[in-house]
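Enquirer: Please take these sequences and the hints and turn them into a complete structure.
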Amino acid sequence: MGQAERNKGNTWVQAFSVGSDVAAILIGFLLGYWARFHSSLSGVLPAAKGVPPVGMYLGAAAVTIAIWIPLFHVLGLYRLERGHTRHRRADLTRALVLGGLALAAAAFFYRGASFSRIAMVLIWCATSALVLAGRTIVQSLAPHWAHLRPIRFALVGDGPLAARLR
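Residue numbers for the sequence shown follow this note's numbering, beginning at -15 and rising by one.
No lab work stands behind these hints: they were computed from the structure. Among the hints, erroneous ones may be present.
[Claimed, not checked] Derived Cβ-Cβ restraints for the label pairs, each shown as a range: (1) ALA74 x VAL105: 17 to 27 Å; (2) LEU82 x ILE121: 21 to 31 Å; (3) HIS22 x ALA117: 35 to 45 Å.
[Unchecked claim] Here are the simulated lysine to any residue pairs, SDA-like style, with alpha carbons at most 20 Å apart: (4) LYS33 x ALA46; (5) LYS33 x ILE102; (6) LYS33 x ALA74; (7) LYS33 x MET104; (8) LYS33 x PHE21; (9) LYS33 x ILE121; (10) LYS33 x TRP18; (11) LYS33 x ARG101.
All residues carry an ideal CB built from backbone N, CA and C; glycine is no exception.
Expert: The structure is reproduced here in structure tokens:
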């Protein structure tokens, strides 16, 4: 298998990594919301302002996806490097802390809605654990995906982008 074919196979691994991160963020937000407002924790620490609508937290999840996925890309977390799993976990943990700080800053400056600080901590913990677990699963399944067919697409037009893709 040539370098071009290997790169096409790696595209699948990168796509599954992004998909895993998006799913982890969404599930982490729902899990943190449930833990704060609908689990036994809500009996111990009742929500003083009542239970907010879940849509507000799903909107925050969309903003988090819009911030974290490009952040992970800029930090090189979607580049494939063999044999650097521990180093990559440290980079991912650093990115999750940086993303959590960016999210906390955005929530602090956004005054359209008030987010529960306890919920945000629970969400960050759940999301971080799920992103790390998702990456571990994707990495363990990556050798099986190496033999998948490359992603094929139809190219229409002859502009500069089409010339680059040929």
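Enquirer: Each hint: holds or not?
Expert: A quick look at each hint next to the structure:
no. : hint                       : verdict
1   : ALA74 x VAL105: 17 to 27 Å : 22 Å, holds
2   : LEU82 x ILE121: 21 to 31 Å : 23 Å, holds
3   : HIS22 x ALA117: 35 to 45 Å : 23 Å, violated
4   : LYS33 x ALA46              : 23 Å, violated
5   : LYS33 x ILE102             : 13 Å, holds
6   : LYS33 x ALA74              : 37 Å, violated
7   : LYS33 x MET104             : 15 Å, holds
8   : LYS33 x PHE21              : 11 Å, holds
9   : LYS33 x ILE121             : 38 Å, violated
10  : LYS33 x TRP18              : 16 Å, holds
11  : LYS33 x ARG101             : 12 Å, holds
Of the numbered hints given earlier, the model fails hints 3, 4, 6, 9; all others are met.
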